[in-house]
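Here's the letter readout for the chains.
There are 2 protein chains.
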Amino acid sequence: MWMPDRNNKKTLYEQIADHLEQRISYGEFPPGSLLPSERRLAEQLGVNRSTVISAFAELRSMGIIESRSGSGTRVSTSKWGATPKHTPNWSRYAEGGSFLPNLPFMRRIREALAQYPSLIDFASGELSADLAPTQEISSLMSKHEYTSYLGYDNPQGSIPLREALVDYLQQHRGIRTTESSILITSGSQQSLYLITQCLLSPGDAVAIEDPSYCYSLPMFQSAGLRLFRLPVDQDGVMPEDVRALYKKHRIKMVFLNPNFQNPTGTVLSSERRKRLLDIASELGLPIVEDDPFSLTSYEAAPPLPLKAMDNVGSVLYMGSFSKIAASGLRVGWMVAPHSIVERLADARQQMDFGLSIIPQQIAGQFLQSPLLLPHLDNLRMQLQFKRDLLMESLEKELSGLVEFVAPEGGLHLWCKLIPNIPEGKLLEESIKHGTVFVPGSVYGSDPGYVRFTFARAKLEQIAPGIAGFAKALRALMV
Amino acid sequence: MWMPDRNNKKTLYEQIADHLEQRISYGEFPPGSLLPSERRLAEQLGVNRSTVISAFAELRSMGIIESRSGSGTRVSTSKWGATPKHTPNWSRYAEGGSFLPNLPFMRRIREALAQYPSLIDFASGELSADLAPTQEISSLMSKHEYTSYLGYDNPQGSIPLREALVDYLQQHRGIRTTESSILITSGSQQSLYLITQCLLSPGDAVAIEDPSYCYSLPMFQSAGLRLFRLPVDQDGVMPEDVRALYKKHRIKMVFLNPNFQNPTGTVLSSERRKRLLDIASELGLPIVEDDPFSLTSYEAAPPLPLKAMDNVGSVLYMGSFSKIAASGLRVGWMVAPHSIVERLADARQQMDFGLSIIPQQIAGQFLQSPLLLPHLDNLRMQLQFKRDLLMESLEKELSGLVEFVAPEGGLHLWCKLIPNIPEGKLLEESIKHGTVFVPGSVYGSDPGYVRFTFARAKLEQIAPGIAGFAKALRALMV
Chain A
0 MWMPDRNNKK TLYEQIADHL EQRISYGEFP PGSLLPSERR LAEQLGVNRS TVISAFAELR
60 SMGIIESRSG SGTRVSTSKW GATPKHTPNW SRYAEGGSFL PNLPFMRRIR EALAQYPSLI
120 DFASGELSAD LAPTQEISSL MSKHEYTSYL GYDNPQGSIP LREALVDYLQ QHRGIRTTES
180 SILITSGSQQ SLYLITQCLL SPGDAVAIED PSYCYSLPMF QSAGLRLFRL PVDQDGVMPE
240 DVRALYKKHR IKMVFLNPNF QNPTGTVLSS ERRKRLLDIA SELGLPIVED DPFSLTSYEA
300 APPLPLKAMD NVGSVLYMGS FSKIAASGLR VGWMVAPHSI VERLADARQQ MDFGLSIIPQ
360 QIAGQFLQSP LLLPHLDNLR MQLQFKRDLL MESLEKELSG LVEFVAPEGG LHLWCKLIPN
420 IPEGKLLEES IKHGTVFVPG SVYGSDPGYV RFTFARAKLE QIAPGIAGFA KALRALMV
Chain B
0 MWMPDRNNKK TLYEQIADHL EQRISYGEFP PGSLLPSERR LAEQLGVNRS TVISAFAELR
60 SMGIIESRSG SGTRVSTSKW GATPKHTPNW SRYAEGGSFL PNLPFMRRIR EALAQYPSLI
120 DFASGELSAD LAPTQEISSL MSKHEYTSYL GYDNPQGSIP LREALVDYLQ QHRGIRTTES
180 SILITSGSQQ SLYLITQCLL SPGDAVAIED PSYCYSLPMF QSAGLRLFRL PVDQDGVMPE
240 DVRALYKKHR IKMVFLNPNF QNPTGTVLSS ERRKRLLDIA SELGLPIVED DPFSLTSYEA
300 APPLPLKAMD NVGSVLYMGS FSKIAASGLR VGWMVAPHSI VERLADARQQ MDFGLSIIPQ
360 QIAGQFLQSP LLLPHLDNLR MQLQFKRDLL MESLEKELSG LVEFVAPEGG LHLWCKLIPN
420 IPEGKLLEES IKHGTVFVPG SVYGSDPGYV RFTFARAKLE QIAPGIAGFA KALRALMV
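Heads up: the sequence lines are chains A and B, in that order.
All letters in the first sequence, in the order written, are residues 0 to 477 by numbering that gives the first Met the number 0.
All letters in the second sequence, in the order written, are residues 0 to 477 by numbering that gives the first Met the number 0.
For reference, chain A alone in the conformation it holds in the complex (with noise of 0.2 Å):
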């Protein structure tokens, strides 16, 4: 990233203009365009507004800018003269498309994160630098030869990584399943990218858990689906939910996350999935069983997973790598009938060819090295230790204001707040204060939630993260 250079000769403000005149000639900023505004280049820049302010005066003398009140600065259209020549309207075509962008208050978080790099994120749902088995990746790498065809991929993913995940399916999960049943992914992101994609037509009724990761999808409507919602309580939803919504609605398919489940922590019972897998197979109904923390499990493993004890064929399964080695390695896994597995290995070949070997390999032979369970038994114990230190720091700065259930496992904390703030208020007052979280209405809920990840920020940033946002909450009460 270009950094004005205090050293230089030339003034700050001239170096930026100099860099806005280049960025603006090789097209970045078309003619017309609109540049950022002089706030955010400050801050990107790590300069005073009032440098920003000269070098865009520089500019508009140049006659390379136009500013008018309200509206930004954008760059000149004149400079063609006498000739009319067009740039297409950008803006609108960003604006076009049938995908939605991504919602606001997770556009926030991740512009706040980029521009503040020392911000403490509870926000990001994945492990820390120190959690992920870096080294242990960075010395499989090192050892092994990569002498094969590095060409494009099986469309079903690596056929070595899919044998590893039979076996690993099976010993840590339960799950009897073969190479054929199972699509790698780059995780459980694409998984139901392909799902919504692939098996669904807009329109479609769908049942998701309320509150729900997948609220924080616009994949869900950009797919065209209608979403109703299942209540969670402290033992997941409630099954018979799920026939009332399929007589009313006729939804075509349930959403499930039952184990540390994304945001609230909760896991579902196992009397409740047989339950449900009773339900789903009168009704002839599929169940996607989203799985990404259940190896995170603190004290005592989770019940089986539905697809373990599914021997009707209903349920299609997610897992991935991002929760419990490394989200960088973007490897995950579906197991589902072979029908399935096909039609979506198919598409993602249209998406985007498949995925790279390179990270496959090293995931497959991760799972197959004896440095896989020292790892995750390791995980375990730092998970816990972060959760519980969050927790003391909450009930100390927050005593009587917050409300939450500890988790058993995975990576989030799912918190009340007391008192009633708007959202974005304590958002923009936490970012202030060096704390970012993500607003409970993110994940459909009520107002007056906040998913706190303790996974991701180190272990000394989680006291003063927490008496950071508890500054912030404090200052919005009176």
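Read the hints as simulated data drawn from the structure, not as lab findings.
Take these hints with a grain of salt, some might be off.
You can't tell identical chains apart in this list, so a pair holds if it fits in one copy or across any two.
[Stated by the list, open to error] List of simulated lysine-lysine pairs, DSS-like, C-alpha gap at most 30 Å:
#, residue 1, residue 2
1, Lys395, Lys470
2, Lys84, Lys273
3, Lys395, Lys415
4, Lys246, Lys84
5, Lys246, Lys273
6, Lys247, Lys84
7, Lys424, Lys395
8, Lys415, Lys457
9, Lys457, Lys395
10, Lys424, Lys457
11, Lys431, Lys415
12, Lys431, Lys395
13, Lys273, Lys247
14, Lys457, Lys431
15, Lys470, Lys457
Fit chain B to the known structure of chain A by using the hints.
Showing chain B alone in chain A's frame:
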């Protein structure tokens, strides 16, 4: 992949029956679902069809499967007995979804290549193993310390890779750009997918070359686009055709592959490039420039890309490693205005949460490595060698029956067949003779054309492959 064991005490048909019973019990083939045909299973498992027939008979006698003449063999549903249980109607789900399946010819080719590993492959548009820089990549990997954080990637892709691409694009393609204008994708396939999903709406008209690789992509139909043709002659498309299509159909975007076009191998002339850009800027019309082959030129480099001459910001530029290094890396790029890069990066996050950083690191290192230029020199020489051998073989085997223009770069030769043979028959007959190619209609052309990819086959396979094709053609001429 499971294969029967000829040294096992059990007979082959018993082993196959056990194996299928297991796959059925694990849910790969749920109750009511269709099993692969006897013929296909026999091919996959390398046994006589009579062996599969015996295995099916065994399973039928156990009540596990049911066959009805004309509708294939299905897994029994009757075993549920008195309590009715229902498997989701997976085949209906697999047929649903807004995303269309691949073209039948493409699926047939993929299936044939999977079934008969000895087929000589003139169909897959990629490099053979000996042309990929496997040694170079292996050595970069083993030397590199993967100590960096394996978290989710930057939404636009790895910053060091984008910085390396800024130098690469300037040096090799005369494109001046900045890392903030670059989006890393998994290849041109994903770049095109993002454009069709995010910048265009159902019903929009777009122009594509005729013939064109784009016709082979049902993603254009899946996005609901109306496709209009720009005929290609020896100098590429006619610029005035773009204006005519704009007037008549208000096309919203033009997709071009100006260098060694897939499938025809033609190069868009310099003069037409300039006129195209003039017309695009007159109409405010975006051009998508797909440039995967330009570094494979055997003699003279092709003209500068449109992007390098574009001073209005009309061009979205796409490139990738797939055709110049290794498709298995899954690393490509787009250069685009800022607003477009942000929009596509946001959508890609939602679809698959970005790429693995490992192949991106390797690709960035390879771009900056002294190994790159010798690799490219060797690649060009070897490709030219393979092209020459293909042309010699065609002239020797099919003199007077085929016509073609020698491509001066790229991986493909576009070949007109003089005899009038139905494409499907020719493909099947050719597979029987050990050779596979892509029928021209896949690229939207008139009947009577074939695309031969000469990069994928081994050097010593080219002559026998064309001999097999010639036998198939002659067999159908009688």
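Now for the hints, and whether the structure bears them out:
no. : hint            : result
1   : Lys395 - Lys470 : within (13 Å within a copy, 83 Å between copies)
2   : Lys84 - Lys273  : between (66 Å within a copy, 14 Å between copies)
3   : Lys395 - Lys415 : within (16 Å within a copy, 79 Å between copies)
4   : Lys246 - Lys84  : between (59 Å within a copy, 17 Å between copies)
5   : Lys246 - Lys273 : within (20 Å within a copy, 62 Å between copies)
6   : Lys247 - Lys84  : between (56 Å within a copy, 21 Å between copies)
7   : Lys424 - Lys395 : within (23 Å within a copy, 77 Å between copies)
8   : Lys415 - Lys457 : within (23 Å within a copy, 64 Å between copies)
9   : Lys457 - Lys395 : within (19 Å within a copy, 69 Å between copies)
10  : Lys424 - Lys457 : within (26 Å within a copy, 63 Å between copies)
11  : Lys431 - Lys415 : within (21 Å within a copy, 67 Å between copies)
12  : Lys431 - Lys395 : within (21 Å within a copy, 75 Å between copies)
13  : Lys273 - Lys247 : within (23 Å within a copy, 60 Å between copies)
14  : Lys457 - Lys431 : within (19 Å within a copy, 61 Å between copies)
15  : Lys470 - Lys457 : within (20 Å within a copy, 67 Å between copies)
Checked against the numbered hints above, the structure breaks none of them.
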